[in-house]
Amino acid sequence: MSISFPPTTENNSNSLQPTGWLRFISFSLDHKVIGLQYLVCGFIFYLIGGILAGAIRIELLSPISDFLARDVYNQVLTLHGTIMIFLWIVPVVNGAFGNYLIPFYVGARDMAFPRLNAVAFWMIPPAGLMLITSYFINGAAQSGWTAYPPLSITTPAAGQIVWIVSVLLLGGSSIFGGINFIATILKLRRPGLKLMQLPMYCWAMLGTSILVVLSTPVLAGTLILLSFDIVAHTGFFNPALGGNVIVYQHLFWFYSHPAVYIMVLPAFGLVSEILPVHSRKPLFGYTTMVYSIMGIVVLGLIVWAHHMFTSGTPPWMRLFFTIATSFIAVPTGIKFFNWVATLWGGRISINSAILFSCGFIVNFVLGGITGVALAQVPFDIHVHDTYFVVAHFHYIVYGGSVFVIFSSIYHWYPKFTGKMLDEKLGIIHFALTFIGFNLCFAPQHWLGLNGMPRRVAEYDPQFTLINQISSVGALLMALSTLPFLWNIIYSFLKGETAGNNPWHALTPEWLTTSPPPVENWPGEAPLVIKPYGYGENRSDEGNPPLNQD
Amino acid sequence: MTTIPSPKEKSEELASSDHHHSDHRLFGLITFLVADGMTFAGFFAAYLTYKAVNPLLPDAIYELELPLPTLNTILLLVSSATFHKAGKALEAANSKQCQKWLLITAGLGIAFLISQMIEYFTLPFGLTDNLYASTFYALTGFHGLHVTLGSIMILIVWWQARSPGGRITNANKFPLEAAEIYWHFVDGIWVVLFIILYLL
Chain V
6 MSISFPPTTE NNSNSLQPTG WLRFISFSLD HKVIGLQYLV CGFIFYLIGG ILAGAIRIEL
66 LSPISDFLAR DVYNQVLTLH GTIMIFLWIV PVVNGAFGNY LIPFYVGARD MAFPRLNAVA
126 FWMIPPAGLM LITSYFINGA AQSGWTAYPP LSITTPAAGQ IVWIVSVLLL GGSSIFGGIN
186 FIATILKLRR PGLKLMQLPM YCWAMLGTSI LVVLSTPVLA GTLILLSFDI VAHTGFFNPA
246 LGGNVIVYQH LFWFYSHPAV YIMVLPAFGL VSEILPVHSR KPLFGYTTMV YSIMGIVVLG
306 LIVWAHHMFT SGTPPWMRLF FTIATSFIAV PTGIKFFNWV ATLWGGRISI NSAILFSCGF
366 IVNFVLGGIT GVALAQVPFD IHVHDTYFVV AHFHYIVYGG SVFVIFSSIY HWYPKFTGKM
426 LDEKLGIIHF ALTFIGFNLC FAPQHWLGLN GMPRRVAEYD PQFTLINQIS SVGALLMALS
486 TLPFLWNIIY SFLKGETAGN NPWHALTPEW LTTSPPPVEN WPGEAPLVIK PYGYGENRSD
546 EGNPPLNQD
Chain D
302 MTTIPSPKEK SEELASSDHH HSDHRLFGLI TFLVADGMTF AGFFAAYLTY KAVNPLLPDA
362 IYELELPLPT LNTILLLVSS ATFHKAGKAL EAANSKQCQK WLLITAGLGI AFLISQMIEY
422 FTLPFGLTDN LYASTFYALT GFHGLHVTLG SIMILIVWWQ ARSPGGRITN ANKFPLEAAE
482 IYWHFVDGIW VVLFIILYLL
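Chains as they are written, first to last, in the numbering used here: chain V, 6 to 554; chain D, 302 to 501.
FYI, nobody ran anything at the bench for these hints, they're computed from the structure.
Be aware that one or more of the hints could be misleading.
Unchecked claim - The calculated lysine to any residue pairs, modelled on SDA-like cross-linking and capped at a C-alpha distance of 20 Å, are:
#1 K352(D) - G247(V)
#2 K429(V) - N473(D)
#3 K429(V) - I353(V)
#4 K474(D) - P319(V)
#5 K389(D) - G317(V)
#6 K192(V) - H485(D)
#7 K199(V) - H325(D)
#8 K474(D) - L327(D)
#9 K352(D) - K199(V)
#10 K192(V) - A439(D)
#11 K192(V) - H325(D)
#12 K352(D) - S316(V)
#13 K352(D) - P244(V)
#14 K474(D) - H485(D)
#15 K352(D) - N249(V)
#16 K192(V) - F328(D)
#17 K352(D) - L246(V)
#18 K352(D) - I353(V)
#19 K192(V) - L424(D)
#20 K192(V) - L327(D)
#21 K352(D) - G317(V)
#22 K352(D) - K429(V)
#23 K397(D) - N473(D)
Stated by the list, open to error - Computed spacing ranges between beta-carbons, pair by pair:
#24 V354(D) - V377(V): 39 to 45 Å
#25 G317(V) - I419(D): 40 to 46 Å
#26 Q202(V) - Y421(D): 41 to 47 Å
As the list claims (entries may be wrong) - A few chain D residues that don't get close to chain V, going by computed Cβ distances all over 12 Å:
#27 Y363
#28 A434
#29 V493
Ideal placement from N, C-alpha and C gives every residue a C-beta, glycine not left out.
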């Protein structure tokens, strides 16, 4: 059917903006454009970070440092970690999907602060470019994404300072984004829409943004002190000058443990949007989901020292942080069972979106189990700084967040572009990614349990075979990108037209054209009080009728 | 168009505009100040941890003089009151009075900075002397940066208020309100800083 748009009378702040594809490289204020800017920019950094990961896996094919020199290896792993966390997962699960979807979900025409939103996005490309070019100029930082002193003070200063400035910019961008999301969700809700009627992704973003606002500034302050140590030779974290490295670790993990939730909570939210649509059932346990998210937010702020069990942590602290960390398994478990219950007995359509979501559930529960194991002090001391931690972390951020990013791209691509993605290519992409990912990271648990340290270019020859298996998995993951890239480009040019609501979904972003107009809806925003009312009478309870075209 | 809100919702929709921005801006500012406060909280936590676990050598321990920082505390507390006065004057549509109080507030802020500078020059330790000195300068310096920005903000608001036509009026008082909330926040941080750094 055709939809015509009456001219909008309010807020013509976009009237001077370019209208064609140029708006994607301009200082656009449209939340949808900014969301896609985040997504494409993040994906480019994902490819760069992936090339670095490939370099790491090639180096680890043999026990000696032959492909990369040791200091280059350190730079490569530092850049890989920093890029993947700060330039890919955090901006994409928060910035990209948050900006695109949150205004729809709250029934608004844009974010609360569109200009701040654009500023937040445009802080990312310079920060990323700085970080990457530092490799070619004076050498990049070598102290890992954690930048622990004294390592970060004693390695070459130039790269480390660029790293700090870059992470400060990205942190600032993240804080601005967080402020914007909190204000949008709490203040811009359409009249008549109650908090407990919001789609789950809103709750996930509210929780995430609270974590961002509370914890990112602490990282910023810490990095400023670290830069003083490097540039002005103060001794905050330098034991040689009377400083205390443990204080850095506490402050760093006060941000960086919540950072894991900043990466994974929005993914929880996105999965909660995708599963009901493709299994045609309401999201199971909405209220418990909301309380679980808020429980994770509160607990997430008080578990940071479980990263420091080998840092001379006193026994009472070990006990407290072990117990608090184990408790996180409760809300996370609730969410896991709710997702399974959502799928249970549903009319599930097997497509790429739900395959990646189910892949997420499987990988995430594995990563969650190793997470609970790592929270136990005796076990943690055994595997601290080994490949077991690498495996656990990648099961959470790749098996968890990245799988959800792909699932979300398959789910929302029709809305973004108006075109369907090719399902055959999507399933090939999923199969390659799922097999490759598990082949790459599952063996690393074994490596870690047997004592292979992480972040080292050379290792004991007894680990050679397992490392080679892992590298084959990495190769499959690299190959899996090709059908995906071909799919998004080909479908954009020649894909089947999607229509407004190809999945027959009920959430508000589907109740407009694909792609949506500048201010989201031609008329008033629809009031969707049952975003998951699948399997019910579709015209009851004030829900807008399903848009069939 | 397939989605038709009921007439009741329509009227609600019309009654509420998406563009009551001033409320949201204040909300955004307060959220930002929470974030900013967390930066200070991180610094305070670092300072207190250092104090607890990194004892200084006896010759590095220095008892801070109290008169100047006490004067600073008074300056900032009075400036919070004068800013409040400026807000009240604006509410009473008394622009002249409002400008006067704004100028006095900015003056007090600058007096604070000068007094802080005098303290820096009279202290017997420098930035890199020891852990305590570094933390002292980091905390007071970061706060001083906030006072500097705040004073500039107040002067901008004052400039806007005195310009003919009056860009700051009862109808457009967001810049004044924002600067005022920020200024109270900076004063509050100073009180905490004064207690932790000078009195404890």
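For each hint, the structure was consulted:
no., hint, in the structure
1, K352(D) - G247(V), "holds (12 Å)"
2, K429(V) - N473(D), "violated (58 Å)"
3, K429(V) - I353(V), "holds (17 Å)"
4, K474(D) - P319(V), "violated (52 Å)"
5, K389(D) - G317(V), "violated (55 Å)"
6, K192(V) - H485(D), "violated (24 Å)"
7, K199(V) - H325(D), "holds (18 Å)"
8, K474(D) - L327(D), "holds (11 Å)"
9, K352(D) - K199(V), "violated (48 Å)"
10, K192(V) - A439(D), "violated (36 Å)"
11, K192(V) - H325(D), "holds (7 Å)"
12, K352(D) - S316(V), "holds (19 Å)"
13, K352(D) - P244(V), "holds (15 Å)"
14, K474(D) - H485(D), "holds (16 Å)"
15, K352(D) - N249(V), "holds (11 Å)"
16, K192(V) - F328(D), "holds (9 Å)"
17, K352(D) - L246(V), "holds (15 Å)"
18, K352(D) - I353(V), "violated (60 Å)"
19, K192(V) - L424(D), "violated (48 Å)"
20, K192(V) - L327(D), "holds (11 Å)"
21, K352(D) - G317(V), "holds (18 Å)"
22, K352(D) - K429(V), "violated (63 Å)"
23, K397(D) - N473(D), "holds (16 Å)"
24, V354(D) - V377(V): 39 to 45 Å, "violated (30 Å)"
25, G317(V) - I419(D): 40 to 46 Å, "holds (41 Å)"
26, Q202(V) - Y421(D): 41 to 47 Å, "violated (55 Å)"
27, Y363, "holds (15 Å)"
28, A434, "violated (9 Å)"
29, V493, "holds (15 Å)"
Hints 2, 4, 5, 6, 9, 10, 18, 19, 22, 24, 26, 28 from the list above are not met by this structure, while the remaining hints are.
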